[in-house]
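Chains as they are written, first to last, in the working numbering: chain B, 2 to 347; chain P, 2 to 347; chain G, 2 to 347; chain W, 2 to 347.
Honestly, the hints are just simulated from the structure, not real lab data.
Any given hint might turn out to be false.
Given that identical chains are not distinguished, each listed pair holds provided it fits within a single copy or across any two copies.
With a straight-line cut-off of 25 Å between C-alpha atoms, the simulated BS3-like cross-links for lysine-lysine are [said to hold, decoys possible]:
(1) Lys41 <-> Lys279
(2) Lys272 <-> Lys41
(3) Lys141 <-> Lys31
(4) Lys261 <-> Lys305
(5) Lys266 <-> Lys252
(6) Lys266 <-> Lys305
(7) Lys272 <-> Lys26
(8) Lys113 <-> Lys305
(9) Lys253 <-> Lys305
(10) Lys41 <-> Lys190
(11) Lys42 <-> Lys261
(12) Lys335 <-> Lys141
Protein chains: 4
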Amino acid sequence: MIRVGIIGATGYAGGELVRLLMNHKEAEIKWYGSRSYIDKKYYEVYQNFFQIVDDVCMDDNMEALANEVDVIFTATPQGLCASLVNEDILNKVKIVDLSADFRIKDVATYEKWYGIEHKSPQFIEEAVYGLCEINREDIKKARLIANPGCYPTCSTLSIYPLAKEGLIDMNTVIIDAKSGTSGAGRGAKVDNLYCEVNENIKAYGVASHRHTPEIEEQLSYASGEQVLLNFTPHLVPMNRGILITAYATLKKDVTYEEVKAVYDKYYANEKFVRVLDKDVCPQTKWVEGSNYVDVNFKIDPRTKRIIMMGAMDNLVKGAAGQAVQNMNLMFGLKESEGLELVPMFP
Amino acid sequence: MIRVGIIGATGYAGGELVRLLMNHKEAEIKWYGSRSYIDKKYYEVYQNFFQIVDDVCMDDNMEALANEVDVIFTATPQGLCASLVNEDILNKVKIVDLSADFRIKDVATYEKWYGIEHKSPQFIEEAVYGLCEINREDIKKARLIANPGCYPTCSTLSIYPLAKEGLIDMNTVIIDAKSGTSGAGRGAKVDNLYCEVNENIKAYGVASHRHTPEIEEQLSYASGEQVLLNFTPHLVPMNRGILITAYATLKKDVTYEEVKAVYDKYYANEKFVRVLDKDVCPQTKWVEGSNYVDVNFKIDPRTKRIIMMGAMDNLVKGAAGQAVQNMNLMFGLKESEGLELVPMFP
Amino acid sequence: MIRVGIIGATGYAGGELVRLLMNHKEAEIKWYGSRSYIDKKYYEVYQNFFQIVDDVCMDDNMEALANEVDVIFTATPQGLCASLVNEDILNKVKIVDLSADFRIKDVATYEKWYGIEHKSPQFIEEAVYGLCEINREDIKKARLIANPGCYPTCSTLSIYPLAKEGLIDMNTVIIDAKSGTSGAGRGAKVDNLYCEVNENIKAYGVASHRHTPEIEEQLSYASGEQVLLNFTPHLVPMNRGILITAYATLKKDVTYEEVKAVYDKYYANEKFVRVLDKDVCPQTKWVEGSNYVDVNFKIDPRTKRIIMMGAMDNLVKGAAGQAVQNMNLMFGLKESEGLELVPMFP
Amino acid sequence: MIRVGIIGATGYAGGELVRLLMNHKEAEIKWYGSRSYIDKKYYEVYQNFFQIVDDVCMDDNMEALANEVDVIFTATPQGLCASLVNEDILNKVKIVDLSADFRIKDVATYEKWYGIEHKSPQFIEEAVYGLCEINREDIKKARLIANPGCYPTCSTLSIYPLAKEGLIDMNTVIIDAKSGTSGAGRGAKVDNLYCEVNENIKAYGVASHRHTPEIEEQLSYASGEQVLLNFTPHLVPMNRGILITAYATLKKDVTYEEVKAVYDKYYANEKFVRVLDKDVCPQTKWVEGSNYVDVNFKIDPRTKRIIMMGAMDNLVKGAAGQAVQNMNLMFGLKESEGLELVPMFP
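The shape of chain B in the complex, shown without the other chains (with noise of 0.2 Å):
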């Protein structure tokens, strides 16, 4: 059984790492970290683990931790696992960071876009990228994984089969993405009350959110070439789900059939990520409360450009789910342990 510690255990994504550890038959909590709420029963603070979580809220204390358990999630602010981070510790535990502390392999990037020191850089070159169908591999051998953000990981996997194979100009990918509100966090915020978001639809970070050069950086490895692009996100008055909506021009006439030949080339195999039937948009209520990633595509032979589509919980793949996978991964496990839930409709 493996022995897990959460640092953030009471933020949205830690909330839902207990609740899929919950159901994980080789995985059981044993640290329930969060600093606004210790001593505080854990199910006070999130009622629906009522008589299902009896622990109370722990410190943060990553060196403790490290000696009670076999993986620490941080599901945490930016800046807090690399201030914490060392090689101690790592030599005794695995971690799986859910902030952005390790996405980034050039620190300079980084510093540039969070506006915050990186504590500990020596660690980067070493943490892997979770995204766990594009470096499934490498993940099995980590002791630090840099968990995708939830905008990159759906905008990656809609977009790589075509970067990947070069059917699309890299120049001109355009991302418009759409989020529910629990990506936001559950921090108290006038911004993020009820009635300021509900019956309400804005653009927020335009040319500047912070994960714009993080897909960049998976983009230029998928394509072999430096990708800059137009990244914008939206605030969509629903809890969960993430949808992207992308464009890119053609490098060449391709027919439907071609295109998605290369999807099912990368995704055929994916329990994961399904590319839907011809002409079916993703919707983000297909895969509430799941691990999928739903993705599709329209050829547009007006402009000459592909409109791709991607779907996803950003709870679940796009933050806790993933970090489960990568966990199983790193522990030898069935990749997909935990992570059976059948999407909830409505």
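Chain B is fixed; fit chains P, G and W onto it per the hints.
Below, chains P, G and W alone, put in the same frame as chain B:
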């Protein structure tokens, strides 16, 4: 492996049955019945099942079905199950009827409130009212289960201990209920359009809702007296969830601890009924996607009334979940098999 | 032109006052008071007023304000208005207090339910409870108006005719209320975050909500007897709207026509109270954005109870709209000036 | 007093026309046309109009109507207006057609995208495209107005200044649009049920939506070149509101101030188009219920693209509001008469 047939598989309750049974270790769906979608792939009706269910929808033929499965769920409009069932079928398969056909023992009451003739009154007496926490032993021996209505499940479980122990004046019971919109079904009606339900709340079926006599009958059994009560349902802009707020006059002065002890007497060992901590009000979100009913109460010494509250997911404990729980009991399986669902929050 | 000052202009009720007064022909806002946003452009707090309001927010100085305006609206937390008002101010301006400070005539009751000391009890008797349809003549002569609470407005108007005419047993009154989330204000609290409220419903303040004694007092005046009742509010996932469902035992057999005649006696000539047609249940969406209260009732001959229903917009008739209606009465203007708002649907 | 007839008064756009015209000082509705509800009280279809509108619904007879009113609004499905209009009618009344029948000058394009034969192509050339801010002078002289589509209104106004001034490469324009559900109309379809739309987002009509050629035509006029672009609408779980996010490559380096000056050149004197302050992103909630379009932009120096954003209420500026604005222009009234609606927040 128990072979399952579903008649009415493409309604919301039918879809939820499929979701739950996908993760049931001892049951396998053999027949997805749906008159409206015959020969269509089931996943084309509910794309959340893409790459999970590959079967096509079949006709609603109970005679044929009885030879191929061990249990039939009928998630169909009132009257259909009663019009199809017969002794021959009941000798071959067990039936869990999610409609109201066999819930009310007095056929005249059924016919009056539902406005239709009952086509097989000879099975009413035999049918067991499948409220698992109350009728567990009878359910284990039953051939035909009347799966309780959504409102009656939540209402009865919230009030039952006090009715049974004689703490409340049964002539004073008022139930004010609030339901998400999935309870209205998937029929294309203007009243259920997004724009009509969203940002809106209304009462409906005031003093005339069909679940009234069902609740009255169950509380009559519990209290040993004839019960007439007020039941007012409301439509709430959310997909899932029922909250009931019930009022009754206390027969004598009681303390919090005394009432708590009464609830615990009936529910302390019940996995799916959670009596919340003092002063914690049930919220539908805390049970979403799960088979739990959360109950609690508040004594008002000023008015000598007690306010009883219950929250549950109308599609799970209020329909498909309780149906599976009944199946588990009927077949001697672990009662919670397939139902170990952690509520999803947010 | 009546000069208006608003203290607390940046809360939701304050914002609604501004919206209504923009279309008021006889009033002009001279002071946008807001402690939190002093010197900030008002439209930067509420961008809906961009290019409509160009003023900056001012301090909450009632003394200074009294010299510059004809009427002050206080849309502030409980206790503030009582701590600021004095005889000198009341000699200069009229005040419409949207808080609870002057609603309850018995200061001990106020202090017990609100848990704060009343700082100017000497004005309580003078203050007029601004429920326009009931106290119109007194309002016309008042210096200080206690603008009714949102729940009390809807509850009292729905029940008043039957209480006044003695048709119901006042000891049996139970009010089950449902409110949109704007009633909780714009404070940054976790409980009011989008993800906590959306897809959720809960009761709160059970048997302890502060609007209880206010409703009881008003219904006591109407019925001529001391009233104790149960009032249970619920939080509903919508921005605006209050629906109340009230229950009471009828003192004698009455017909629909008799009760309808009683409602018409009080409301047939009231512009803002609409008694709906038979069997039409009020819906909050039908009054959204307007000053209407829609009421109706249903007799249940089985239980000899009557179910009374009322729907209104909590920010309009439940707060800012009624405040403007009071101002109109106090200044001898057309009562509906600035309030001829057609409800917005959908 | 201008006498108004509405054909299609019981759709959502029709209902909004009625709402707006109730507060119009110079117009009076004489005919509520609705094939589906003939002889039914209008308020029974939309109870928000209870005690406000007492008329009954009439047949959709344009010939008869032309003798009784001064202007006819057709808020009907595509093809109906074209099949009813003739020279005789146009000699008697002015027509504002809210359908697409007269928006597209090339009849072949219309017939291809809409899949229906145009029944009166002889009036296409005469018809004026009623985008008031662009075609004001022509509108004043028109008999027949093609009221713009919701998406085209928001898209064109957001992009127009840059297209007109030649700042952007028109071959690179991509419009990603998001709409509330009222845009889908009041037809009873499963896809528009509350449970299907709520907690969900999807693209639809990808590379095939009928508003594409309409936007292209308008931007072609603005830029003086043939425009082909990508337009992707999305369905968002809210009642009202359209947000468009548009992308284009800048032809040369420009500063914020230069672009702002271009927007101001066209909109500084336009009441209903608000160019927001720097870095403020439009939100649909800030224009809800009003005739405003809020626009803004962001330059991305990394990709040399500009992101243009626009938000409006699809039922007001996107349909009924603009129709009234057109009527005001045609009859020489104050352009904003009946449209001085302050956006409602929250």
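The hints, checked one at a time:
Only between protomers do lysine 41 and lysine 279 lie at most 25 Å apart by alpha-carbon distance; the minimum there is 16 Å, versus 50 Å within a single protomer. Within a single copy, lysine 272 and lysine 41 get their C-alpha atoms only as close as 38 Å, which misses the 25 Å cut-off; across copies the closest is 23 Å, which meets it. Proximity of lysine 141 to lysine 31 under the C-alpha cut-off of 25 Å is restricted to the intra-copy arrangement: shortest distance 23 Å within a copy versus 38 Å between copies. Within a single copy, lysine 261 and lysine 305 get their C-alpha atoms as close as 17 Å, which meets the 25 Å cut-off; across copies the closest is 32 Å, which misses it.
In this homomeric assembly, lysine 266 and lysine 252 come within 25 Å of each other (Cα to Cα) only inside a single copy, at 19 Å, whereas the closest approach across copies is 38 Å. In the homo-oligomer, the alpha carbons of lysine 266 and lysine 305 lie at most 25 Å apart inside one protomer (23 Å), although the nearest pairing across protomers, at 34 Å, exceeds that limit. Taking the shortest Cα distances, lysine 272 and lysine 26 sit within 25 Å of each other both inside one copy (19 Å) and across copies (20 Å). Taking the shortest alpha-carbon separations for lysine 113 and lysine 305, only the inter-copy value of 20 Å comes in at or below 25 Å, while the best intra-copy value is 35 Å.
When the C-alpha separation of lysine 253 and lysine 305 is checked against a cutoff of 25 Å, the pair qualifies both within a copy, at 8 Å, and between copies, at 24 Å. In this assembly of identical chains, lysine 41 and lysine 190 lie within 25 Å of each other by CA distance both inside one copy and across copies; the values are 23 Å within and 19 Å between. Only between protomers do lysine 42 and lysine 261 lie at most 25 Å apart by alpha-carbon distance; the minimum there is 21 Å, versus 50 Å within a single protomer. Taking CA atoms no more than 25 Å apart as the test, lysine 335 paired with lysine 141 passes inside one copy only; the shortest distance there is 12 Å, against 36 Å between copies.
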